[in-house]
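**Q** Could you build the full structure based on these sequences and the hints that come with them?
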Amino acid sequence: MQRFNFPVVQPDPALEDLRGELQAFLKEEREAGNFRPEPECWMAAADPKFSRKMGKRGWIGLTWSSQYGGHDKSALERYIVTEETLRSGAPVAAHWIADRQHAPMLLAHGTEEQKLDILPRIAAGECYFAIGLSEPGAGSDLANVKTKAEKVPEGWKVNGQKIWSSGAHMCHYMVALLRTSPADGRNRHVGLSQIMIDLSLPGVTIKPIVDLSGDAHFNEVYFEDVIVPDDCLLGEEGGGWKQVTGELAMERSGPERFLSSYITLETALHQLNGKMGSDSHARLGKLIASLRTLKGMSWGIANLLDQGVSPETEAALVKDLGNRLENDLTQQVRAMLNDLPSEDWSPDMRRIMNIGVLRSPPNTLRGGTTEVMRGITARQLGLR
Amino acid sequence: MINTEGMVAETATKIYTDLCARDVPHEAEAGRYPQALWDALTENGLPLAWVSEANGGFGADYDETFGAIWASAQAASPVPFAETLIANWMLDRAGLAPADGSASFALSGHTPSADIPFGMHADKIVLFDEAHHEISLFDNRLAVRSPEESLSPDGMTQFIFSGHLAEQSAKTDLSRRAIEALILTVRAVQMAAAMESALNMSIDYVTQREQFGRPLSKFQAIQQQLAVAASECAAATMAATQAASAIARHADDPEQAWHEAVVAKVQIGHSIEAVTVPFHQVHGAMGYTQEYDLHHYTRRLWAWRDALGNEHHWSKRLGETLAVTSPDHVWKGVTTGQWIAS
Ligand SMILES: Cc1cc2nc3c(=O)[nH]c(=O)nc-3n(C[C@H](O)[C@H](O)[C@H](O)COP(=O)(O)OP(=O)(O)OC[C@H]3O[C@@H](n4cnc5c(N)ncnc54)[C@H](O)[C@@H]3O)c2cc1C
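Taken in sequence, the protein lines are chains A and B. Every letter in the first sequence is one number past the one before it in our numbering, and letter 337, counting from 1, is 1089. Every letter in the second sequence is one number past the one before it in our numbering, and letter 315, counting from 1, is 323.
Keep in mind that the hints are not guaranteed to be accurate.
Stated by the list, open to error - Straight line, CA to CA, 25 Å or less: simulated DMTMM-like cross-link-like pairs of lysine to aspartate or glutamate:
| no. | chain 1 | residue 1 | chain 2 | residue 2 |
| --- | --- | --- | --- | --- |
| 1 | B | 340 | A | 1018 |
| 2 | A | 867 | A | 906 |
| 3 | A | 825 | A | 893 |
| 4 | A | 903 | A | 829 |
| 5 | A | 779 | B | 336 |
| 6 | B | 179 | B | 137 |
| 7 | B | 226 | A | 1064 |
| 8 | A | 801 | A | 783 |
| 9 | A | 1027 | B | 131 |
| 10 | B | 340 | A | 1080 |
| 11 | A | 959 | A | 902 |
| 12 | B | 340 | A | 780 |
| 13 | B | 340 | A | 989 |
| 14 | A | 805 | B | 336 |
| 15 | B | 179 | B | 218 |
| 16 | B | 340 | A | 783 |
| 17 | A | 867 | A | 878 |
| 18 | B | 340 | A | 950 |
| 19 | B | 22 | B | 47 |
| 20 | B | 340 | A | 1100 |
| 21 | B | 340 | A | 764 |
| 22 | B | 226 | A | 780 |
| 23 | B | 340 | A | 781 |
| 24 | A | 959 | A | 893 |
| 25 | A | 801 | A | 950 |
| 26 | A | 1027 | A | 1095 |
| 27 | A | 805 | A | 829 |
| 28 | A | 1027 | B | 336 |
The set of hints was computed from the structure by calculation and includes no laboratory data.
**A** Written out as structure tokens, the structure is:
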């Protein structure tokens, strides 16, 4: 009947208990001054101390087995943790990507020793990963990666450069998409592989890139004759493209694609308590309707992922709609705050709003640009 | 849910497939009312789907009946099927027998007169009088009917209630919010279905029509426009489905489904511009003609968007309602769909 597959799934009361525990913890941490809430916290607010606390509570590594330091819980429980930490703007960026992306990747493709060594450290909030996809000549056109890994007796020799690697300056590993054999004529999707690189190895140089707000969260990473052992090849040699696109579906549909700036609205709701005019009511109503709808879509995908289905197009739709909403949210809240003379804004409100504005451009870029998402949708519609 | 499987939904789909082919909405607009379509729906008892068995109906599943409404909107139904379902539901909730024939509905607040969808065709009008907690049935054929300007091919008429004697009246424990919840949800399902039909038409069109030596679908500008429209359609379907699920879950107390219904009305109302603009744009001049089918959907979308208050009205209502609750309650509603009533 319908073109896309978005099952409607009611919340499970058992999951809501977990939500309560998280809310209590996050409130306590914030009130103790252990963090200051920020929009885009999952990308830009890293605090290893906080990550270790999350690890101790069992809120990292929810989905994998206790044998590897995990907690044998479902992807849906992980979803609740994700939602609550985003809502509170907590400093979760250090462990976020490893927990979301690389742990499942290691479970699927890693050796037993790697799983026993690395996964418990990820779950403890002590081991962090960077995504090594983009290069200066390969952004949207990802298949254009040039960084090479050559087979040598000791393993693989890596040469080249990655860019925009979020958090690499504090990460222990990067999983990089590398060319391990030449393209087959015009088919550039063959000959690419995913390799896990220990960033402390000789030959690795990491240079932070300062963003327009003056912060430095992403990096250039250079590889010069870096030797990585054989078992760091993840999955199949030459299977990198397929693995990466599968991974992206998981990456694009989570709550971080539409709730990154929710903290801005939350803070404004406290500020505007009882002082909202009718124009602001209309803006609030519209935002809430979109947030509720996107939650339904994203939650539907989370349930599919939990059943082992990976809906790539649906994920692209959520990312496109969600990114538009995130940027719109910041703009709508700016307008709503007009109901309050600016001298009445709390310092936190001002800080959070400013961060929200400064960090708005990446929403529609990272994880694949809006234009690329729409290309995926168009293909599904049979237009390409 | 909007369930298109099951007896009610499948019967409706079959009737619409057989008796509401492409030419039917065109003929209806030219003044030839598709009586055969209406008769088939009635003979199969479909307008009684939401009437309790005790009252002569068959108390059908909400989910399946929403599936039947989905089918009717996709067929650009020119008969008051959804309206009669709603009107009969209102009568049933006041313990009154279902309407004999087709029916449409009005809510007080718009009294003494009301803008009635399908007002020229409905045999009966069901009025909810909020002040007196009363539901009344009027004979529409006895009224002097004056068509109003309407965006919709289904038309709209004024009904002046004062001076008319109700055929029947009874007290109801339904609140205005409960009735709004059902009506807004039905409209949301219709809008999501119509959007998807118009999307499908647009995709077919751009794949067939060639310009500059290739199909329009091969141009990236066209692809991007339809990809955006498709994402809005997917969101509309989610919003409508969430509202439909809330109605089914709270069948005894539809007021509980009010927030999800309003969310759907707001979400979809705001999306309509974002879809109807590209749908017409990619069709070029063809989509602007009477002869082509696209307007059966887009004109209804524009009309439904305004019916019972437009998206600005409902955004404000929702915002006002939520602004007085705590941010914790707002968050709870967004994440779980459990809205604290206020
Ligand atoms: C804050 C931030 C963090 C990031 N973190 C990481 C990370 O950790 N690891 C990593 O690997 N990468 C990361 N990225 C990189 C991100 O994935 C890329 O920015 C993105 O893929 C786009 O590539 P680009 O910047 O080279 O833009 P380009 O590809 O040069 O694109 C520029 C513009 O052209 C448009 N465009 C390009 N090709 C087409 C086409 N075929 N059709 C239509 N339009 C097109 C794009 O949509 C965009 O609008 C990060 C980026 C940001 C902003």
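**Q** Hint by hint, note whether the structure agrees.
**A** Going through the hints against the structure:
{"no.": "1", "hint": "B/340 / A/1018", "verdict": "holds, 12 Å"}
{"no.": "2", "hint": "A/867 / A/906", "verdict": "holds, 21 Å"}
{"no.": "3", "hint": "A/825 / A/893", "verdict": "violated, 36 Å"}
{"no.": "4", "hint": "A/903 / A/829", "verdict": "violated, 41 Å"}
{"no.": "5", "hint": "A/779 / B/336", "verdict": "holds, 12 Å"}
{"no.": "6", "hint": "B/179 / B/137", "verdict": "holds, 9 Å"}
{"no.": "7", "hint": "B/226 / A/1064", "verdict": "holds, 21 Å"}
{"no.": "8", "hint": "A/801 / A/783", "verdict": "holds, 16 Å"}
{"no.": "9", "hint": "A/1027 / B/131", "verdict": "violated, 48 Å"}
{"no.": "10", "hint": "B/340 / A/1080", "verdict": "holds, 21 Å"}
{"no.": "11", "hint": "A/959 / A/902", "verdict": "holds, 24 Å"}
{"no.": "12", "hint": "B/340 / A/780", "verdict": "holds, 19 Å"}
{"no.": "13", "hint": "B/340 / A/989", "verdict": "violated, 46 Å"}
{"no.": "14", "hint": "A/805 / B/336", "verdict": "holds, 24 Å"}
{"no.": "15", "hint": "B/179 / B/218", "verdict": "violated, 61 Å"}
{"no.": "16", "hint": "B/340 / A/783", "verdict": "holds, 21 Å"}
{"no.": "17", "hint": "A/867 / A/878", "verdict": "holds, 15 Å"}
{"no.": "18", "hint": "B/340 / A/950", "verdict": "violated, 41 Å"}
{"no.": "19", "hint": "B/22 / B/47", "verdict": "holds, 14 Å"}
{"no.": "20", "hint": "B/340 / A/1100", "verdict": "holds, 23 Å"}
{"no.": "21", "hint": "B/340 / A/764", "verdict": "holds, 13 Å"}
{"no.": "22", "hint": "B/226 / A/780", "verdict": "violated, 55 Å"}
{"no.": "23", "hint": "B/340 / A/781", "verdict": "holds, 21 Å"}
{"no.": "24", "hint": "A/959 / A/893", "verdict": "holds, 23 Å"}
{"no.": "25", "hint": "A/801 / A/950", "verdict": "holds, 22 Å"}
{"no.": "26", "hint": "A/1027 / A/1095", "verdict": "holds, 14 Å"}
{"no.": "27", "hint": "A/805 / A/829", "verdict": "holds, 18 Å"}
{"no.": "28", "hint": "A/1027 / B/336", "verdict": "holds, 18 Å"}
The earlier numbered hints that this structure contradicts are 3, 4, 9, 13, 15, 18, 22.
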